[in-house]
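The listed protein sequences derive, respectively, from chains A and B.
Reminder that position 234 of the first sequence reads as 234 in this note's numbering, one-by-one numbering, no gaps.
Reminder that position 202 of the second sequence reads as 202 in this note's numbering, one-by-one numbering, no gaps.
I should point out that these hints are in silico values taken from the structure, not numbers from a laboratory.
Possibly wrong hints are sitting among the right ones.
[Said to hold, decoys possible] In silico SDA-like links for lysine to any residue, alpha-carbon gap of 25 Å or less: (1) A:LYS101 to B:LYS497; (2) A:LYS101 to B:CYS480; (3) B:LYS497 to A:CYS53; (4) B:LYS144 to A:GLU100; (5) B:LYS338 to B:ALA471; (6) B:LYS64 to B:ILE10; (7) A:LYS181 to B:GLU337; (8) B:LYS483 to A:PHE97; (9) A:LYS216 to B:CYS329; (10) A:LYS216 to B:GLU337.
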Amino acid sequence: MNNIDRRTFFKLISSGIAGAVGGKLVTPGIAWAKGTNFHSDEFYGILVDTTRCIGCRRCEKACAEANNLPVPDINDTSVFNHERQTSVIQWNVVNRFETEKGTVFVPRRCMHCNQAACVAACLVKAMKKRKTGQVTWDENCLGCRLCMVSCPFDIPKFEYDKAIPKIQKCNLCWGRFQDGKPPACVEACPMDALLFGTRRQLLEEARRRIYQQPDKYYHHIFGELEVGGTSHLYLSAVPFEQIGFRTDVGTKPYPEYSKGFLYAVPFILVLWPILMLGMSQVTKRQQNKE
Amino acid sequence: MGKKRITSFIIFGISIIIFGIGFGHNLWSKIIEPQKTTERPIIISDIAPLKPLEEERVWFYHQKHTTELEASGCKVCHSYDTQKSRFDFRYPKNRPENDRRDLIETYHNSCIGCHRERLSKGLSTGPTACGECHKPVLYQEWIKPVVFHYGLHYQHEKATDKKCELCHHIYDEKEKKLIYKQGTESSCRDCHRQSDEGNRNSFRKVAHSDCINCHLEKKEKKQKGGPTTCEGCHLDLKLPSIQEIAEIPRPDRKQPKTTSIKVDGAGMPAVFFDHQRHEMSSLTCRTCHHETLQACKNCHTSEGSPEGGGISLESAFHEKNSSLSCEGCHERQKAQEKCSGCHLGTRTQMEGSQQSCIVCHTGPIKELPPIPPLGAPEGIMPDNVKAEITINILEREYEPAKFPHLQIIKKLTEISNEDPLARQFHRQPTTICMGCHHHSPVEPKSSPPTCGNCHKATPDFDDLGKPRLMAAYHLQCLGCHQKMNLEQNCTVCHAKKTSVKPLISEKQKKSK
């Protein structure tokens, strides 16, 4: 409590008064349906257990309904015939893979990287990494599409056919999150193949599952270390290459690749003229001497 | 003009030839493509232990030779001992074992000699140039290990009028010869191991020479005998089921029908062991007895000894990860389709209660008391078991699901009563309930908690391992249906509703 500043103090006091006046206590941060205490400054994410997914596509439907996208016909199983990518009208797609351990369904969407390449690439901070882990897109976008180029998972999609195009991608139901609700896909999943929680909790749960059923799972959590960690974590029964994941992305966060160069730019911008000026001065004096 | 035309013709011709050669070469090599063959050759690399090979190993097609030379018999290649009237199946005849040069020479003379001879006589023949034999080929493995199960053993018993001495023998150290002694019959592998040891030949050698010689003898006498070709034995044999095995008379070696396993100084009561019953549910003696047919405690001492591979007697009986131990084998039975629904389901650690120890550790008794089959489920609970349960958590989208509670209990009880092993361990009628009502013991006095008592409709963010009610239903029902290979279509439980409301209501929609 020592590091409370003047501003926070007044905030707390006023909210307390407001709560008292309203007749009920106003809880700061996120209020969950069950009243669970969550730290609002921790990364949240989704654990996808592909061994549980039955390919019912309810997550696709819920996603479309929650985000005002065209609602797909989920009884149509012909979509599984080829591997689909996320698109401007589908932020979340379920794909089917035939593997050594039988048919596996895999829901794919934005991974919400801990250090997102798209956020680092964005010129105008339209792509934002929220304090709670979500990577969201804002309307102040330039339309430069650098986020699309930078994404290691090929997720952000650009509305080429619109007059005022947007970037379309999963935002981990940022709107619903602010209302204190889990993402729509998680709520719709009948098998709990999608679990919402803090990334720390989800990692624990994923490790617990691998430890308890070592024969069932491939001993790796995709997203734990990939590109520096992601908020979407995947569990699988088979190696991840077999279910359409890129396993060559490395464990280094993508912004790290350009960080050194970008930090050098301001220095060079400032130091280069000074250096040049100094050199010109030196040479000028020598010329004068001659 | 004429010259130009000729030149263009020549260029065209050359290109056709080049293209033709390229194409033709491909075509040709495809016809003799070794991948096409499905026959597995015998790989000859006898010289390898003497010195690293200079040439590629020879891939020898035994099958081709036997069919081609069937009229002449095995004597063409293998030496025949007229006194013992037995074949020595080593190749070539009179092979010098230790001299590399000589061995190579003998091989070449035998193979190429025969090929040349046949060539001069105008008969079908094999290669005579080096690279034709010394070349690598790709093949498909088709040779399967022979499982000499009780059925095959009985077949041989019948065919030989129970003359055990024809196959079984022991080595007499004093007389220095093989003798037969009744009651000492063991597995061949007991003495004949993976490789030659002194004067004992490897199992592979003796199995081929003894079996084939006997079969050939019968064939010569025009009697009904066993196969003499590779694929005769090394086929993908259909193994008999437990029911079929149970009807076959057991090999009699004066083994006890039942026994009491007692360990001196052990804290637990003795185990009543029905040897006969266990014989019935295994394919060979080696299913439990490794290579030897000795009692477990002869090698596995209570502290563990080098003879027993350092495995103590306690782990030899209880090690769950071994296929040879009691518990390990029982554990594997749970993976059967009919058992997996409960045993590999939500609660993977179903055992471990102290009551399961006394199922085996009965104390010194002469005979197992008969276990009554599990009774009808209706009488278990005071206010009767619910016949049907209606689940309507998804009623916004589907008609309520009708769960045939009583019917499922009856079916599971039936499965349990049919299986002798399950019958031993499922003593209480309520044991069946625990397949679904996990984590809380079911007692006959009161109804067990319902699914909704623990699994709430909203996710429990403090305990992410516990599924929500909707997921709990699906994981439990569908999990069992998947493992027991039952109907998995959504419509089996969820009848379609005519008007479906959206999953996310209008109010919840985010204004975009």
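For each hint, the structure was consulted:
Using a Cα cut-off of 25 Å, the hinted pair A:LYS101 and B:LYS497 is violated, with the two alpha carbons roughly 34 Å apart. Taking the CA atoms of A:LYS101 and B:CYS480, the gap is near 18 Å; set against the 25 Å cutoff, the hint holds. Pair hint B:LYS497 plus A:CYS53 holds up; C-alpha atoms about 24 Å apart against a cutoff of 25 Å. Our distance criterion of 25 Å between C-alpha atoms is met by B:LYS144 and A:GLU100, whose separation comes to about 23 Å.
Between B:LYS338 and B:ALA471 the CA atoms are separated by roughly 23 Å; this keeps the pair inside 25 Å, and the hint holds. Distance hint between B:LYS64 and B:ILE10 is unfulfilled; the C-alpha atoms sit about 47 Å from each other, more than 25 Å. At most 25 Å may separate the alpha-carbon atoms for a hinted pair to count; A:LYS181 and B:GLU337 exceed this at roughly 40 Å. A threshold of 25 Å between alpha carbons decides the hint, and for B:LYS483 with A:PHE97 the separation of about 20 Å falls inside it, so the pair holds.
Taking the CA atoms of A:LYS216 and B:CYS329, the gap is near 20 Å; set against the 25 Å cutoff, the hint holds. With a C-alpha separation of about 17 Å, the suggested pairing of A:LYS216 with B:GLU337 holds against the 25 Å cut-off.
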